[in-house]
Structures are given as C-alpha cells and as structure tokens.
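Asks: Take the given structure of chain A and dock chain B to it, following the hints.
There are 2 protein chains.
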Amino acid sequence: MDGWYVEKGPESDVVVSSRVRLARNINNYSFPDRLDSQKAREVVDNIKKIVLESEECKSYGFKFYDMHKLSSLDKNILVEKHLISPDFAIKQNVSGALISSSEQISLMINEEDHLRIQCLFPGMQLENASSLCNRMDDLLESELDYAYSVGYGYLTCCPTNIGTGIRASVMLHLPALVMTGYVRKVLEACGKIGIAVRGIYGENSEAAGNLFQISNQVTLGQDENEIISGLKNVVSQITERERTLRRELYMKEPYRFEDNIYRALGILKNARIISADESLKLFSRVRMGVDMGILKNVDSQVLNELILLVQPACLQKQVDEELKQGDRDRVRADMIRKKLRFDD
Amino acid sequence: MDGWYVEKGPESDVVVSSRVRLARNINNYSFPDRLDSQKAREVVDNIKKIVLESEECKSYGFKFYDMHKLSSLDKNILVEKHLISPDFAIKQNVSGALISSSEQISLMINEEDHLRIQCLFPGMQLENASSLCNRMDDLLESELDYAYSVGYGYLTCCPTNIGTGIRASVMLHLPALVMTGYVRKVLEACGKIGIAVRGIYGENSEAAGNLFQISNQVTLGQDENEIISGLKNVVSQITERERTLRRELYMKEPYRFEDNIYRALGILKNARIISADESLKLFSRVRMGVDMGILKNVDSQVLNELILLVQPACLQKQVDEELKQGDRDRVRADMIRKKLRFDD
Chain A
1 MDGWYVEKGP
11 ESDVVVSSRV
21 RLARNINNYS
31 FPDRLDSQKA
41 REVVDNIKKI
51 VLESEECKSY
61 GFKFYDMHKL
71 SSLDKNILVE
81 KHLISPDFAI
91 KQNVSGALIS
101 SSEQISLMIN
111 EEDHLRIQCL
121 FPGMQLENAS
131 SLCNRMDDLL
141 ESELDYAYSV
151 GYGYLTCCPT
161 NIGTGIRASV
171 MLHLPALVMT
181 GYVRKVLEAC
191 GKIGIAVRGI
201 YGENSEAAGN
211 LFQISNQVTL
221 GQDENEIISG
231 LKNVVSQITE
241 RERTLRRELY
251 MKEPYRFEDN
261 IYRALGILKN
271 ARIISADESL
281 KLFSRVRMGV
291 DMGILKNVDS
301 QVLNELILLV
311 QPACLQKQVD
321 EELKQGDRDR
331 VRADMIRKKL
341 RFDD
Chain B
1 MDGWYVEKGP
11 ESDVVVSSRV
21 RLARNINNYS
31 FPDRLDSQKA
41 REVVDNIKKI
51 VLESEECKSY
61 GFKFYDMHKL
71 SSLDKNILVE
81 KHLISPDFAI
91 KQNVSGALIS
101 SSEQISLMIN
111 EEDHLRIQCL
121 FPGMQLENAS
131 SLCNRMDDLL
141 ESELDYAYSV
151 GYGYLTCCPT
161 NIGTGIRASV
171 MLHLPALVMT
181 GYVRKVLEAC
191 GKIGIAVRGI
201 YGENSEAAGN
211 LFQISNQVTL
221 GQDENEIISG
231 LKNVVSQITE
241 RERTLRRELY
251 MKEPYRFEDN
261 IYRALGILKN
271 ARIISADESL
281 KLFSRVRMGV
291 DMGILKNVDS
301 QVLNELILLV
311 QPACLQKQVD
321 EELKQGDRDR
331 VRADMIRKKL
341 RFDD
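Protein sequences appear in the order of chains A and B. Under my numbering, the first residue of the first sequence is numbered 1, with each subsequent residue one higher. Under my numbering, the first residue of the second sequence is numbered 1, with each subsequent residue one higher.
Treat the hints as calculated values from the structure; they're not laboratory data. From a predicted model like this one, the values you see are computed outputs, not experimental measurements. Treat the hints loosely; a few may be bogus.
Identical chains share a label here; the pair holds if one copy fits it or two copies do between them.
[Stated by the list, open to error] Distance condition first, Cα-Cα at most 30 angstroms in a straight line; then the derived DSS-like pairs of lysine-lysine: (1) K49 <-> K269; (2) K317 <-> K81; (3) K252 <-> K324; (4) K269 <-> K281; (5) K252 <-> K338; (6) K63 <-> K81; (7) K8 <-> K63; (8) K339 <-> K281; (9) K69 <-> K91; (10) K317 <-> K252; (11) K339 <-> K269; (12) K252 <-> K339; (13) K48 <-> K81; (14) K192 <-> K339; (15) K39 <-> K58; (16) K8 <-> K338; (17) K296 <-> K339; (18) K252 <-> K281.
If we strip away everything but chain A, and leave its shape as in the complex, we get:
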C-alpha cells in the first residue's frame, strides 16, 4: 500500500485526514435515481472520457471502475478506504468510479448526484483538499453543462447539498476526549453550530478507535471559503482541547498512562487472534503513545495503514483463501504482528 495515507500531514497528532467533496449534476439529465440506463450510461461515458483524455489528469493516473463489473469484495475495499460511499457500493444503476493512483482523488458517477468529486489529504489540509477539488471541478465544468441556479447555486438531488454542494470533513483521533468523557460535550456544542460529528468505525454511538469525522452540515448561504474556515476553526479548538487533556492525563498518572500504551503495543505484537474492534482500540492507544513521543519505535503512518488493513474486505484481499469469521481474527493478528515487527 502506498496511498496518500502513508504520508504525514500537519497536526497529525490529532487530525488524521482532511476530505472535501463536491456534488454536481448535469443539465437536461434527470437525477440518477430517475435516469434510464441509456442516459445513465451517457453520463458515465462523458465524464470518464473527459477525465481519461485530459492532459492535466494524466499525471494522477486515474483508473476507471465500472461498478457493474466490480466484485463485492473490491467494492467493499473501496468503501473501507472511503473512496466510494457504502450506498454507492450497493446501487444497481449504471455507475462508475474514477480513482487516482494515490487514491487521493475519487470521482463517483451516478451516486446520489451525477458527479461527486472527492479529495483526501493526510493531516489538517482542508485548503489543499478544496483546491484540488476545485481544479478537478473547473476541468469538468469546462466540458460539462452543470445544473446551476443563480438563486440557489449548484442544484443537487438532496436539498441538504444544494448551494456550494460542498462537504468538508476531517477525521480526528480523540482518545483523551473520550477517556475523560468530554467528547459528549464537544459533540453537543458542534451540533448547535451546524457541525456534524460521527464515529468512523464501530456500531452505535461508540467510536471504535476513538476516530471521529467532523463535517459541515450547511451548504447554502455560505461560500466554500467560509465553510472551510468555519470547520477549521472548530477543529483547531477541538485539537487544542485534546492535546491539553492528553498532557493532563499523562502528568496526573504518568506510569499508568504509559502502562496503558505499552500494554496495547504488547498485545498487538503478540496476539494470535484479534477482532477488528479490539485492534482499533489498541491502535488508538499506541497511536497516542507515538504522537506524544512515548513510543519511539513505531511509525504512526504504519498505524494509518493498519486501520485500513484490519477491515474485513481489505483483510480478505491480502490472502488467497476465503476467510470465515474465525479465520479472519487469526489472519488479522498475523498481519498486525508482521507490520509492527518492522518497527521494533
């Protein structure tokens, strides 16, 4: 694996990654849910042609995926890597995805809208993600007739996306906020100012791995820069809070704090069977140890990679045999040991 996520970004002790996505539709075509196969095929082919034939796009090494031809396993891998949405993976209409070689740029064609442009960057890089999205958007807009209203802005299938069509989000690692219980307050405060927060992995409200996605909910009445700077501002406050709490927890009981981190590493390096949930929990503790300078011999980018590799589809892809539930926990443990030994 050599995607964007193995690079280290700014503020990466708390901000795992930044993502911006734009929703766009094409004039004179119904929204994908109402589109017949022939028209849907036209939309896919048009966008595919523009991207694959563009000189500028060649450097990104885009690859086209016809969603009808992709196996469920391969679709699930794209979902686990956040390159396509879970809804997109199970859609039955004519649809496709264009993904750059570093997996930094992905375009979904005929998801909820005709076009979704998404850019992913490590650490806090919302502006960079936004710029790259805009470049892709300009390039496509020069060839496509976007559905646009002077009053509303970009028209989208769902009214929550109308206007800028932008959704900016960051993935945050918030172990200290979770440990101290402050995360609940932060979630409430975010909700009041139009910022959505949700756990990335794990069921219900429990965020396995202490990973949270924070994103704007409003797309209308603010321009892109306002949306991004608003989100940045919130993230910066949460990040500072998280850092302060980590330091306080460490200073309060240094040995217990280190014990917690080292035991997590010890289990990861030795387990023979481990669930995805448990590994995410342990990665979180190890990651905090690395980010606070307690663990010197583990690379936090390996942890980014591992968060992906332990997911069911990514895990299945790494072995030849078809994995059953019990096998999966065994193969996962073997893979984690192999990955972590490199840095021992």
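Replies: Coordinates of chain B only, in the frame set by chain A:
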C-alpha cells in the same frame, strides 16, 4: 539469586518443587510454647553448635539467623521463599533458623516443635528430599536425645504430626485443571484419601498462578516410605490428568490457546504497572506455553525465580527506597521486563 529453584527437576512441566519436613523434639525440654527463655536459648545454641561444627554440614554452607535480630523485611523474605513458616516469623520466643547456602535445607529451631528439618528440591524429587532430611536427622539425632515413644514414634507438640513427624508436599502447576474446572473434583478426591490440597498464593480458595500444594495429612500408622510413595502416586495421577487436559485444550482451539499464552507474554514484557496477583496469573500462562514447547525463548526457571521476586518482601529487597503500594506495582513491572528481556 542462585538457589535450588533455578535448577530444573524431573516432571517440571507440572511439578514445580518437592518438599519434605520432619518435626522433632528434645527430651527433658518442654515444647517451645512452654519453654522459658533460658531453656529456649539452650535448645537454639545446642542445635546451632551441632550443625555449624559438623564436618558434613560444612559443604552446605549453613548460615544461622537469630530471629530476634532479623528485620521484619528479612523474615518476610524467608517466608516468601518457604524457608520459614509465617507463624515462625511472628513468634516472640527465643528461636533461630539455619539455612544452607543454596536454600535447599532449612532448620527452624523453636517453631511449634524444637526442631523442624526441611529440604526443598526442584521438580518431582520427594525421595531425594526425604533422603537429605534423613541425613540431617541422623546427624542431629547422634548428638541430641529426641523425644520418642515406642508406641507412638516421634512425639510432637501437635498430635497431627506425631509418629513419623513427616510432612511431604509438592507444589503443582495446574492451569488446565483450573481452566476446565476439574480441579475441584481433584481437591475433593484428595481430601477423601488423606491428602491436603491448598493454593499457594492468593487469598481464599482462588489459587493465584494456578499453583497448588499437595501434602500428606496422616503421620501415624504409616512409615515414611509409605507416606512418600502414597503421595507420589497421587501426584503422578494428577500430573497425567493435567498433561492430557493441556493437550486436549490445545488441540481443540490451537490459535486461541496460543493467543492466550502470547498475550500474557506480551503484557509481561510491556507493562509499566502490574500487581503481584496479575503477574502470577500471567506467569502461569507463559509457563504453560514454555512447558508445552509453544514458547521457545523463555526459560521456565526464570519464571520460578520471578514467582519469588514479585512477592512484596523480595521486591522491596531489590530496591533502596521504601516502596509504597503504588510504587511496588511499578517496580515489579520494571523488574519483570528486565528479567524477561534476557530471553527475548
């Protein structure tokens, strides 16, 4: 530490150690509880003189401990090493102990009886322990006038020791019997045939570290050889049962079995804070892994040593500062990591 316990004995995958002790008293002296200080001093001095001046005893490097002069810490260390009894450590009368340099032979003077001779061997070596006890006994008997009755045998303070005055015991490591719950049945069966079973460490009936001491209860009406061969027979059956269960558990779920063992090792090698109870539990899992050939790079004799070193008094002796409860768990974790790294 270079005592008897760092050597490997027969059947050491289940039998940790064998112990034989003899209870003896001297004619014309009241039992220790009724003895005035002057008489008690005579008993101590007599036995001390015989042992320290004997040519045969010189090779054992006996050292005399005046119990009045020994600090509580040093007394507790002797208790933790099973060289003196807990009761002996808190006695206020004139008393002393003679302990050989390898800590294989210990003599308590004025414990419950005037003389207790004890020999400890690694693994299943009840006959060797008994022979060595008998040699010490013969040597002392040639100079002392033992209290002996033709009808009853050796007379002792407590009627449960009368006759041979012998107590033979073995320390067994029974993780599989505990895991499967069979240990309860074994305990019941032993009770019915006059064999006592008790956990070595841990409070109540819970045996921390899955270590059990099995010993004869009857001293009257059987000779020494019958007592020892009876106990050997019981131990041999328990040992076989334990081995069979270990194999069955391993074969049933090999990965889960190994996972359990490796995680224990991973925690011991990484923890920064650990209680005595938790370390004994983890030692037990690691020990089983070593004894079954699953773990190759850990020496089970290091584990024997660690079982002693994690006890409070032995732990305190290893550091200069006086340890409080919280410090103890930290120092214990550091010491375990240091000891286990040697074999990494």
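Asks: Failing hints, ascending?
Replies: 1, 14
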